[in-house]
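Engineer: So you can see what is in the structure, the chains are spelled out below.
Number of protein chains: 2
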Amino acid sequence: MIGAKTLAEGVTPQSEDYSRWYTDVVQKADLADYTPVRGCMVIKPYGYALWENIHDALDRRFKETGHVNAYFPLFIPMSFLEKEAEHVEGFSPELAVVTVGGGEKLEEPLAVRPTSETIIGHMYAQWIKSYRDLPVLINQWANVVRWELRTRLFLRTTEFLWQEGHTAHATSEEAMEETLRMLGVYVDFAVNEAAIPVIPGRKSDTEKFAGAVNSYTIEAMMGDKRALQSGTSHYMGQNFAKAFDIQYLDQNNQLQHCWTTSWGVSTRMIGAVIMTHGDDKGLVLPPRLAPIQVVIVPISKTDEERAQVMPVAEDILKRLQAAGVRVKLDDRTELTPGWKFNDWEMRGVPLRIEIGPKDVANQSAVLARRDIPGRDGKSFISWAELEVKAPEMLATIQQALYNKALAFREEHTHQPETYEEFKAAVDDGFALAWWCGSAECEDAIKNDTRASNRCIPMDQPGGSGKCIFCGKDASEKAIFGKAY
Amino acid sequence: MIGAKTLAEGVTPQSEDYSRWYTDVVQKADLADYTPVRGCMVIKPYGYALWENIHDALDRRFKETGHVNAYFPLFIPMSFLEKEAEHVEGFSPELAVVTVGGGEKLEEPLAVRPTSETIIGHMYAQWIKSYRDLPVLINQWANVVRWELRTRLFLRTTEFLWQEGHTAHATSEEAMEETLRMLGVYVDFAVNEAAIPVIPGRKSDTEKFAGAVNSYTIEAMMGDKRALQSGTSHYMGQNFAKAFDIQYLDQNNQLQHCWTTSWGVSTRMIGAVIMTHGDDKGLVLPPRLAPIQVVIVPISKTDEERAQVMPVAEDILKRLQAAGVRVKLDDRTELTPGWKFNDWEMRGVPLRIEIGPKDVANQSAVLARRDIPGRDGKSFISWAELEVKAPEMLATIQQALYNKALAFREEHTHQPETYEEFKAAVDDGFALAWWCGSAECEDAIKNDTRASNRCIPMDQPGGSGKCIFCGKDASEKAIFGKAY
Numbered sequence: 001m002i003g004a005k006t007l008a009e010g011v012t013p014q015s016e017d018y019s020r021w022y023t024d025v026v027q028k029a030d031l032a033d034y035t036p037v038r039g040c041m042v043i044k045p046y047g048y049a050l051w052e053n054i055h056d057a058l059d060r061r062f063k064e065t066g067h068v069n070a071y072f073p074l075f076i077p078m079s080f081l082e083k084e085a086e087h088v089e090g091f092s093p094e095l096a097v098v099t100v101g102g103g104e105k106l107e108e109p110l111a112v113r114p115t116s117e118t119i120i121g122h123m124y125a126q127w128i129k130s131y132r133d134l135p136v137l138i139n140q141w142a143n144v145v146r147w148e149l150r151t152r153l154f155l156r157t158t159e160f161l162w163q164e165g166h167t168a169h170a171t172s173e174e175a176m177e178e179t180l181r182m183l184g185v186y187v188d189f190a191v192n193e194a195a196i197p198v199i200p201g202r203k204s205d206t207e208k209f210a211g212a213v214n215s216y217t218i219e220a221m222m223g224d225k226r227a228l229q230s231g232t233s234h235y236m237g238q239n240f241a242k243a244f245d246i247q248y249l250d251q252n253n254q255l256q257h258c259w260t261t262s263w264g265v266s267t268r269m270i271g272a273v274i275m276t277h278g279d280d281k282g283l284v285l286p287p288r289l290a291p292i293q294v295v296i297v298p299i300s301k302t303d304e305e306r307a308q309v310m311p312v313a314e315d316i317l318k319r320l321q322a323a324g325v326r327v328k329l330d331d332r333t334e335l336t337p338g339w340k341f342n343d344w345e346m347r348g349v350p351l352r353i354e355i356g357p358k359d360v361a362n363q364s365a366v367l368a369r370r371d372i373p374g375r376d377g378k379s380f381i382s383w384a385e386l387e388v389k390a391p392e393m394l395a396t397i398q399q400a401l402y403n404k405a406l407a408f409r410e411e412h413t414h415q416p417e418t419y420e421e422f423k424a425a426v427d428d429g430f431a432l433a434w435w436c437g438s439a440e441c442e443d444a445i446k447n448d449t450r451a452s453n454r455c456i457p458m459d460q461p462g463g464s465g466k467c468i469f470c471g472k473d474a475s476e477k478a479i480f481g482k483a484y
Numbered sequence: 001m002i003g004a005k006t007l008a009e010g011v012t013p014q015s016e017d018y019s020r021w022y023t024d025v026v027q028k029a030d031l032a033d034y035t036p037v038r039g040c041m042v043i044k045p046y047g048y049a050l051w052e053n054i055h056d057a058l059d060r061r062f063k064e065t066g067h068v069n070a071y072f073p074l075f076i077p078m079s080f081l082e083k084e085a086e087h088v089e090g091f092s093p094e095l096a097v098v099t100v101g102g103g104e105k106l107e108e109p110l111a112v113r114p115t116s117e118t119i120i121g122h123m124y125a126q127w128i129k130s131y132r133d134l135p136v137l138i139n140q141w142a143n144v145v146r147w148e149l150r151t152r153l154f155l156r157t158t159e160f161l162w163q164e165g166h167t168a169h170a171t172s173e174e175a176m177e178e179t180l181r182m183l184g185v186y187v188d189f190a191v192n193e194a195a196i197p198v199i200p201g202r203k204s205d206t207e208k209f210a211g212a213v214n215s216y217t218i219e220a221m222m223g224d225k226r227a228l229q230s231g232t233s234h235y236m237g238q239n240f241a242k243a244f245d246i247q248y249l250d251q252n253n254q255l256q257h258c259w260t261t262s263w264g265v266s267t268r269m270i271g272a273v274i275m276t277h278g279d280d281k282g283l284v285l286p287p288r289l290a291p292i293q294v295v296i297v298p299i300s301k302t303d304e305e306r307a308q309v310m311p312v313a314e315d316i317l318k319r320l321q322a323a324g325v326r327v328k329l330d331d332r333t334e335l336t337p338g339w340k341f342n343d344w345e346m347r348g349v350p351l352r353i354e355i356g357p358k359d360v361a362n363q364s365a366v367l368a369r370r371d372i373p374g375r376d377g378k379s380f381i382s383w384a385e386l387e388v389k390a391p392e393m394l395a396t397i398q399q400a401l402y403n404k405a406l407a408f409r410e411e412h413t414h415q416p417e418t419y420e421e422f423k424a425a426v427d428d429g430f431a432l433a434w435w436c437g438s439a440e441c442e443d444a445i446k447n448d449t450r451a452s453n454r455c456i457p458m459d460q461p462g463g464s465g466k467c468i469f470c471g472k473d474a475s476e477k478a479i480f481g482k483a484y
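Same order as they appear, the protein sequences are chains F and B.
The opening residue of the first sequence carries number 1 in the working numbering; numbering runs sequentially from there.
The opening residue of the second sequence carries number 1 in the working numbering; numbering runs sequentially from there.
I should point out that these hints are in silico values taken from the structure, not numbers from a laboratory.
Just so you know, not all the hints are guaranteed correct.
Treat identical chains as interchangeable: a pair holds within one or across any two.
Said to hold, decoys possible - In silico lysine-lysine, DSS-like type, Cα no more than 30 angstroms apart, as pairs:
{"no.": "1", "residue 1": "Lys105", "residue 2": "Lys83"}
{"no.": "2", "residue 1": "Lys423", "residue 2": "Lys466"}
{"no.": "3", "residue 1": "Lys482", "residue 2": "Lys472"}
{"no.": "4", "residue 1": "Lys378", "residue 2": "Lys281"}
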């Protein structure tokens, strides 16, 4: 209940200042808070409950695809990071470095992990001996640190929580299969749990992970039409295997280097959920991830009315709990129903059940959808149907959120034919355009428009065309957009 | 499968070298491994699966007692640690300190959290305004770092995983109630999940947490008769509330300091499980925490026999899965049944089901208990009873492990009347003895015998006696023992 009193004050409208709207929602919905530690946030209980649901939904999928969890050290010797040239170049500007331990200056400074390819690569080199040990399919849930100058709650923080999968395989084909399998897991999670339509695609060389051969991404469009990279899956080829001597004896007793992958989703996903579904009343949570799916608000003006209403509210609570719904009864007496409505709308609870004296008389209740404001989102329901209708309604809301976000993205995705059209397109969202594949065009576009190459979508139209910037032959289309 | 080949080699017998036995078990059962990062371990997948079960069993209890999870920063400004005098004195020798971030020297160095009272206290001071905001009941699952000179896998590592609960209350009574409630939760967990008999008690002033008014502990006896502190719950009084200005307006609109608690259990609990139940064949896991509760080993000498046996083994697998048992079918063809038996015994799987051609003919199977070696632990069972009998047997094993550990502790707990008897007692385990309460006696005993004051048990005999060391009046008995 911390901070509850400030909740009903409302947030800055999206149209006025999207960035302030975002920060208002994060704070007023009690998801996270700033701390005196530069760039580090507190994930508050409500935000953490959302992360727990994201964790569980991903973890289940990882285990279903044969992965196991493990835990590797927080600290990485600086010399390890230097073993893969592109990797150290990419990460060294962002490192937090421990130089003192137990009161003494360390001989070799330790980096706080910005990601764990190097320390995990070192361990895999010890563990993997033979083709029988492969594949190694390990995931880690952990905190990582990347020193950031400009931070935003959930989107870019110095410390964040994530999962990082690290796998080793006998062949290039298997490693590539794994890379794309996990990209598919991320798409499945985004679409079916977070109700976020995402575009799976390959990153350009400019945008790929430091040390990868190829990086794959799921890109989503936020409510301000900007892109958010929401998860990545990297095919490392033999880069890390060679840097860390991850080798195995094959069936012919020949020593071979492994082929490795890594893939990650972070607390940034919470930012994606907020900015995909939120509105001027606050957060809107997809039912499958919502810590509270249904809130029951009893309505009474007198003690007598309260005595009628409360037993019914408690009965509904128990029945929905038994039906597996995450439900809360807001029985606070010091607050008005109107205040509570605003409060739970701010927190994005998908479905509200109102119970007043009239409803008791009619053995009915009012269901109010968070995603459809006002009367259109309200319906009456008889008590007898609750266990069936409430979960049905949650499923309807889940699908409606996805549909709405998809329609929004499609409305703001354009296929420009000229560079002039391209510039207008990236001012209004995504441009899907032929691209020759050169970093020069990519850079020039970015300098000119601030739109970056988000990905080369897996789903290509086929055929060929002319690069939207230089006019040279192009065999692939890319998505460009301004990004977080 | 990593490292499987070395598993059947066996471990150093406990009687030969208990310490080596422990390290052998941790490594050969694939629980954890050393890393090149001083004092930091890798928790391998099998060890991590055990930790996940510990996590889930504790987390469920925390939520049932009204707690929520949150996440606070990894880094703590050095000035925060200095705000509570005893706290900084206790922890500063153990700190890892970040002095460089993003390539630049930091103005104020950041400690990697050794525990989070200070940063959480600072946040609570921002969040708590009124008595309506209390109690605050938050837990955090996190990694912490304490620079250790001598480390042992799980028992004492520079980085470890734990949970730390931090609560704030309006009154001293409520805070003390919470402190003891969580001690009770730890007892419940230890006894009913880990099958470890523990002694709940109060720490002496010498042994209490740096900054606490009173610390409570659960103490367990390991297989070498030494004590292991397995969880602690601290009553902070107003020490941290005053250091961090955690204040609230009471019902009379008066500003009051809160009363706070903290409590934690760490990956050290895995060490407790290993050393309470393990034997010369390796790990013995309590069924409720075991990642694999039942392993099915099919036995066949010919392809024809295998064709008979495997469908039955697979059927048993499915039926036990459907009955909610964590079960694995070991269908590896390159290994003998005997090798597999040793392998799964090393890994502590509580129950083995053997299926051979004779069993197929009889529609029966052999159940072999991990905790009872040889024939005495074997029984025949008909297929029809499997879903009932296997879970029953797991419950029996769970209870048997507890009973065995309790009997062992009781056998090695003595109530000496003289100091000579006391010295003999602490050479053989625990001494429960009258103690006058002075740090001088405690220190003298420790210097003389290497046995420390483990706790003043909650369960006291009543009455009074003479201090075992100085002979002065004593009103409480304490447990003394050599400790990890």
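Engineer: So, against the hints stated earlier in the document, which numbers end up violated here?
Structural biologist: Violated hints: none at all, because every hint is consistent with the structure.
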